[in-house]
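Chains A and B, in that order, give the protein sequences.
Read the first sequence against this note's numbering and you will find it ends at 1798, with the numbers running on by one and no gaps.
Read the second sequence against this note's numbering and you will find it ends at 256, with the numbers running on by one and no gaps.
Think of the hints as simulated: they come from the structure by calculation, not from any bench.
Mixed in with the good hints there might be a few duds.
To be verified - List of simulated lysine to any residue pairs, SDA-like, C-alpha gap at most 25 Å:
hint, chain 1, residue 1, chain 2, residue 2
1, B, K189, A, L1607
2, A, K1658, B, I213
3, B, K189, A, R1608
4, A, K1658, B, K189
5, A, K1658, B, R209
6, A, K1658, B, M217
7, B, K189, B, E207
8, B, K189, A, G1569
9, A, K1658, B, R248
10, A, K1658, B, L253
11, A, K1658, B, E244
12, B, K189, A, L1616
13, A, K1658, B, A243
14, B, K189, A, T1615
15, A, K1658, B, E242
16, B, K189, A, I1601
17, B, K189, A, R1612
18, A, K1658, B, T251
19, A, K1658, B, S239
20, A, K1658, B, D210
21, B, K189, A, G1603
22, B, K189, A, A1618
23, A, K1658, B, R247
24, B, K189, A, A1609
25, B, K189, A, R1647
26, B, K189, A, L1617
27, B, K189, A, R1631
28, A, K1658, B, I245
29, A, K1658, B, L218
Quick caveat: nothing in here was measured; it's all calculated off a predicted structure.
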Amino acid sequence: MITAAALATLALVCAVGAWRFTRARWTYRAPHVAIVLWQALGVTWGLAGTGTLLAYALEPYGQGVLHGLAAFAASALGGGYGPAEPYDLPRIVALITGLTALVVLVVVLLIAGVQTLRARHRHRTLLALVAREDPEVPGVRVVDHPGATAYCVPGLRSQVVVSAGTLKLLSPAELSAVLAHEAAHVRERHDLVLLPFAALRRALPWSRLVANVQDEVSLLVEMAADDVARRYCSPRRLATALLRFGTAGAVPTPNGAMGAAGSCSAVMARVERLVTPGPALSRGVRYSIVAFSVTLTVSAPLLWLVPH
Amino acid sequence: MKGLGELERSIMDIIWAQPSAVTAREVGRLIADRDLAPTTVMTVLDRLTRKGFLVRTRDGRAWRYEPAESRDSYIAELMLEALDLTGDRSAALTRFAQAVSGNEAEILRRALTELEDE
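Turn these sequences into a full structure, and let the hints guide you.
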C-alpha cells in the first residue's frame, strides 16, 4: 500500500507541478534546463500514474510492480497458481485500468514515432524531386514558393530547407541567423524532445493541460535554439527575422487545411529576450533543477522495483 | 554517373516538361546524359512509378509515362507541412517561426519598425 501511495503522490505532484510550471516565466531565462525538467515531469507522471494502479492491483503478490507484473503474467500463462489472497473487484479494475493506460501510452508513442518517420520520409522524397540547391545558400535546400518558411527535416541526415519567399524576405544577416537557429535544432535533436509531447497531445486531445504543456515545450525549444544561434549571429538580426516572418502575412489556406497561425505572444517573448536578455539563471539554481529532474526521473522506476 | 536520386529528379523534370505521356525511349533521347544505358532509364522510370510519382499506360509494346501530379502540387504539399497547415500537429519538422493572424501581425509590425529605427 505504501508504494501505491508514494506513486500516487508522485503522479499528483507531477500533474500539479506541470500545471504551475506552464505559468512559470523563469523558464525563459534557462530554456535548456526547463526542457530537462519538463521531460522529467512527463516521464515521471506517466510511470507514477500507471504505477499507482498497478502497485495497488498487484499488491497480493508482494513483489512490487515490475516483479508483480512478471508474476501475474507467469500465473496467467501457467494457469492456476496465483497470489495467496483472492482478487477482489477494486484490484481487478485497477489492474485493467493500469495495464490499459500503460499500453495506450506506449502504443501512442510508438505510433507517433512511426508516423513521424513516415511523414519525414515522404517529405525528403518530395524534396529530392522538387527542391533545388542555391549558390547563395550552400547546403540548404530551396523550395520555389513565395510563402515564407524555414525549417529542418530532422533525422540522421538532417536537411535545412527555406522557401524562395524567405530568401526574398530576409537580409543576408537575418538569413544566416535563421540558418544558425535551424542548425541548433538539428544538432540538439529538438524533434526528439517534441515527439513525446506531441504524441501525448494526440492521445489526450481534450486536455487543456496537455495542450498548454506542448505549447510551452515548443516555445522553450525555440528559445533554446535562439540561445545557441545568438552565439553565431547578431541576436538583433535574429529578432528582426522573427518579426519579419510573423508579419509575412498568413498564406492563403488551401481547402481542408487548418489555419495554424503562430501566436503573437510567443513571437514577442522570443524577440524580447533576444533584444534585452534578462540575467541568466545562476549556475547553482540551474544545477539544482537538473539534480531535481534526475531524482524525479529515477524515483518512479525505483518505486516500480521495490517490493510493496 | 549521377546518383540514383539525381537521375530520378532529372527524369521527373523531363517528363514534367512534356505536354503528353512519353515512352522510355523518348526520355532517353531527351536526357542530357548521352551515355545512359536504356535499361537504367527503364529502371528509374519503374522506380518512380512504384513510388507513385508516375502513371504509366500501355501503348502497343511500350509503356507511356506521365506525371501523377504536377510539380507545383508537390511544392504545395511541402509548404503545407512546412507551415504546419495540415492540422495534425506532428513533430515531423522543426520550424523557425510562423506567420500570425491579422491584428496580431500589426503588433509585430510595430515592434519591427522600432527595432529597425534604433
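Open item on the list: Can you confirm whether the C-alpha distance between K189 (chain B) and R1647 (chain A) stays at or below 25 Å?
Closed with: It holds: about 21 Å lies between the C-alpha atoms, which stays within 25 Å.
TODO: Starting from K1658 (chain A), check that the Cα of R248 (chain B) is at most 25 Å away, please.
DONE: With Cα atoms ~21 Å apart, K1658 (chain A) and R248 (chain B) stay inside 25 Å; holds.
Open item on the list: Run the distance test for K189 (chain B) versus A1618 (chain A): straight-line Cα separation, threshold 25 Å.
Closed with: With Cα atoms ~13 Å apart, K189 (chain B) and A1618 (chain A) stay inside 25 Å; holds.
Task: Distance restraint between K189 (chain B) and I1601 (chain A), which requires alpha-carbon spacing of 25 Å or less - done: holds, 23 Å
Task: Agreement of K1658 (chain A) and K189 (chain B) with the hint, judged by alpha carbon distance not exceeding 25 Å - done: violated, 33 Å
Open item on the list: Would the hint linking K189 (chain B) and G1603 (chain A) be met if the CA-CA limit is 25 Å?
Closed with: holds, 22 Å
Open item on the list: With the threshold set at 25 Å, check whether the alpha-carbon distance from K1658 (chain A) to L218 (chain B) stays at or below it.
Closed with: Roughly 19 Å between the alpha carbons, so the hint for K1658 (chain A) and L218 (chain B) holds.
Task: Satisfaction of hint between I213 (chain B) and K1658 (chain A), Cα-Cα up to 25 Å - done: Holds, at about 17 Å.
- [ ] Would you check the hint for K189 (chain B) and T1615 (chain A), treating anything up to 25 Å between C-alpha atoms as holding?
- [x] Distance ~9 Å between K189 (chain B) and T1615 (chain A) Cα, so the pair holds.
- [ ] Mind checking the alpha carbons of K1658 (chain A) and L253 (chain B) for me, to see if they're no more than 25 Å apart?
- [x] holds, 20 Å
Open item on the list: What's the verdict on K1658 (chain A) and M217 (chain B), does the C-alpha distance respect the 25 Å limit or exceed it?
Closed with: holds, 16 Å
Open item on the list: With the threshold set at 25 Å, check whether the alpha-carbon distance from K189 (chain B) to L1607 (chain A) stays at or below it.
Closed with: With Cα atoms ~17 Å apart, K189 (chain B) and L1607 (chain A) stay inside 25 Å; holds.
Against the hints set out earlier in the document, violations occur for numbers 4 and 8.
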